[in-house]
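Colleague: Below are the chains, spelled out letter by letter.
Number of protein chains: 2
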Amino acid sequence: MKRTERACIITQVLTEHPNRDFSLGFFAEKFGCAKSSTSEDLTLVRTAMDSAGLGYVETTSGSKGGVRFVPYITKEESIAGLEKIKAVLEDPSRNVGGGYIYTTDILFDPEMCQICAMQFAKHFAASEADIVVTIETRGIGVAMLTARLLNIPLVVIRREARVSEGSTISINYYSGSSDRVQKMSLAKRAIKPGSKAIIIDDFMRKGGTLKGIEDMLSEFDTKAVGFGAVIVTQGVKDKKIGNFFPIIILTDTEDGYRVAINPDII
Amino acid sequence: MKRTERACIITQVLTEHPNRDFSLGFFAEKFGCAKSSTSEDLTLVRTAMDSAGLGYVETTSGSKGGVRFVPYITKEESIAGLEKIKAVLEDPSRNVGGGYIYTTDILFDPEMCQICAMQFAKHFAASEADIVVTIETRGIGVAMLTARLLNIPLVVIRREARVSEGSTISINYYSGSSDRVQKMSLAKRAIKPGSKAIIIDDFMRKGGTLKGIEDMLSEFDTKAVGFGAVIVTQGVKDKKIGNFFPIIILTDTEDGYRVAINPDII
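Chains as they are written, first to last, in my numbering: chain A, 914 to 1179; chain B, 914 to 1179.
Since the hints were made in silico from the structure, they are not lab data.
Possibly wrong hints are sitting among the right ones.
You can't tell identical chains apart in this list, so a pair holds if it fits in one copy or across any two.
Subject to a maximum C-alpha distance of 25 Å in a straight line, what follows is the list of computed SDA-like cross-link-like pairs (lysine to any residue) [as the list claims (entries may be wrong)]: (1) K997 to N932; (2) K1152 to S1077; (3) K1101 to D1134; (4) K943 to E996; (5) K1152 to V1076.
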């Protein structure tokens, strides 16, 4: 097999399995060639990914030497994708009344979800989180793709406990989005105590739900190391959490709302 | 830029965006080279993907010539992944009583979800579906990854209508898993009439929920062209839908349950 062919195969496997560790031996065996040769192949792949800004091929040397791929998104693709989401959200027919905007289709569109997941994965890359946590339902798509990019499990908090979950822990919290006390519930076995979690939600107004999730996690001896929300409303004072990462920022105006992309991203 | 480098970049972009159309011009412009040269790069990528069984690089020639990548999973990786899911499910501590098995962590584990999504994407590759449809909550992870692989939107049916969904259509149906009549609800604007849908759920006993979703879709003038369920119980007679694709098959035994992989897959 030619070097180019091997480099393409390595690129495909690494891209398909972001942030997963592969040993040099894995590829050497696959290609029936020496580890030194595989190592040279990897150098080629790394150079290519670097030059295109598509990701970082992290290698560790030595007998246990291995490789993992940390995916990036180019600024160009990021901006194009976020501008598309912005334009879709700006469509006035999305205003369904009562201050609500229809966002469900965006939140389950794989292309738009992936753009958002890439932002979260990049922002929380150094968080050393063990899990991504979200609460049903609309944040699950983005949270799942984020978990996939970071190669860590997703934990989904339910509104109501289900029999198939075994024993659960439940808490009540105040949700600003729905202006009422709500319940959340999670199986006792869902999180290993001592974990570190990134909390992702689709929408944040005052941050009550994210704060509720943080409180719930403390019952599992688990620390929230990052908060991300796809859409955050600006102009609501006293957010209940201090440090959060939004992708889209909504501002209420006299005749509707204004959509902006988080200026830290672009 | 060297040919190998270009081939790696093309491989990364195609893998990252399964089933998306790219024009030859897109890559030619990216690399600042002729379309004929890009076309030769693509031949290299196609050969590499073919020889490793990782996917099919579909090209169309002519002035509007383009390329799309149809991802495969190797039989080896498929079997290893499904055997892992089987082993995890066989852990007797998952039996939470009352005939229920704890599966939530598996259904939100990105690696295990991706293995399942790959099976659905492969099985339904020729279905010409426009959308993937699921019902909250536990099937959303696998359904999202399947939608991403097929590059079509995901539609998530809710249990209860939400104000942020605008006008909705609701139906009642009998669910065998919970042995009661349940409700499902979907925003009127969620599906374009005349669509074709693949219906994915996490668990199927008699198929009441999948049949309910099919009935719901008929309200949207939308046809179900495929049914997939991650886990299906065997031995339950008179399934309510005829043709479904399971990944894991559970059989009740005197002292618990037996786990098997759908023999059509391996």
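Colleague: Does each hint hold? Answer for all of them.
Modeller: Consistency of the hints with the structure:
no.	hint	result
1	K997 to N932	between (27 Å within a copy, 19 Å between copies)
2	K1152 to S1077	between (35 Å within a copy, 22 Å between copies)
3	K1101 to D1134	within (11 Å within a copy, 42 Å between copies)
4	K943 to E996	between (41 Å within a copy, 20 Å between copies)
5	K1152 to V1076	between (34 Å within a copy, 23 Å between copies)
When each numbered hint is compared with the structure, no violation occurs for any of them.
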